[in-house]
Amino acid sequence: KNEVEQSPQNLTAQEGEFITINCSYSVGISALHWLQQHPGGGIVSLFMLSSGKKKHGRLIATINIQEKHSSLHITASHPRDSAVYICAPVVGNQFYFGTGTSLTVIP
Amino acid sequence: DAGITQSPRHKVTETGTPVTLRCHQTENHRYMYWYRQDPGHGLRLIHYSYGVKDTDKGEVSDGYSVSRSKTEDFLLTLESATSSQTSVYFCAISTTSGTPYEQYFGPGTRLTVT
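Residue numbers (the working numbering), protein chains in the order written: chain A, 1 to 107; chain B, 1001 to 1114.
Just chain A, same shape as in the assembly (with noise of 0.2 Å):
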């Protein structure tokens, strides 16, 4: 079974703030997937990656497969960003969550 480990579990910020959110797995996997669930509950992909590094706007993500963990970067932290973000290692066809991490930007 693939634990997967996600810290902070809970993460308060200023708007404009740098932060980081840690995802840790047990097992080999193919790929890594983050996700964002808005407090309206939708969940939305926000990258897949097997290696290195991904940006997307404000968003970047690595990963170090031989070390077994990830990171979700976003820079200048908007109140918007407010939301649960979600790792899922991928091995397969099959996907393992985290528990998230709910983050809170303040104005």
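Note that these hints are calculated values from the structure, not bench results. Keep in mind it's a predicted model, so treat the numbers as computed, not measured. Any given hint could turn out to be false.
Stated by the list, open to error - Here are the simulated distance ranges between beta carbons:
hint: 1; chain 1: B; residue 1: 1114; chain 2: A; residue 2: 55; range: 41 to 49 Å
hint: 2; chain 1: B; residue 1: 1082; chain 2: A; residue 2: 17; range: 37 to 45 Å
hint: 3; chain 1: B; residue 1: 1011; chain 2: A; residue 2: 64; range: 37 to 45 Å
hint: 4; chain 1: A; residue 1: 45; chain 2: B; residue 2: 1022; range: 18 to 26 Å
hint: 5; chain 1: A; residue 1: 44; chain 2: B; residue 2: 1030; range: 19 to 27 Å
hint: 6; chain 1: A; residue 1: 50; chain 2: B; residue 2: 1010; range: 32 to 40 Å
hint: 7; chain 1: A; residue 1: 39; chain 2: B; residue 2: 1020; range: 24 to 32 Å
Using N, Cα and C, we set each Cβ at its ideal position, and we do this for glycine too.
Knowing the structure of chain A, use the given hints to seat chain B on it.
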């Protein structure tokens, strides 16, 4: 937008009654999944399908059954609902073109069993 809809979006039902949730996709994806989401837990897999009439159990399949008679529809049935099945249910599809697969979610169904 992967064209995934779920119905109903909200349902309140009584213990012991059967309930069927529907997931519909418009883009002919092979893999479909049913998850439940509860406080303190990550999304947990109930069942998944890898084609018409091809399904398999996930980690929390007890009390649930599924059917997939058409590519576009994946049904989740609670044969006799219990209060422990009160949850938010998400359907998802994963793309199979290219590697790695990416997963897209429906809007969710909030089920309350009283």
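Going through the hints against the structure:
1. In this structure the supplied range 41 to 49 Å holds for residue 1114(B) paired with residue 55(A), their Cβ-Cβ distance being about 47 Å.
2. For the pair residue 1082(B) and residue 17(A), the supplied restraint of 37 to 45 Å holds, since their beta-carbon distance comes to about 44 Å.
3. At roughly 43 Å, the beta-carbon separation of residue 1011(B) and residue 64(A) lies within the given 37 to 45 Å, and the hint holds.
4. Between residue 45(A) and residue 1022(B) the Cβ separation comes to about 22 Å, which falls inside the hinted range of 18 to 26 Å.
5. Roughly 22 Å separates the CB atoms of residue 44(A) and residue 1030(B), a value that falls within the hinted 19 to 27 Å.
6. Our hint of 32 to 40 Å for residue 50(A) and residue 1010(B) holds, since their Cβ atoms are close to 37 Å apart.
7. At roughly 28 Å, the beta-carbon separation of residue 39(A) and residue 1020(B) lies within the given 24 to 32 Å, and the hint holds.
Hint violations for this structure: none, all hints satisfied.
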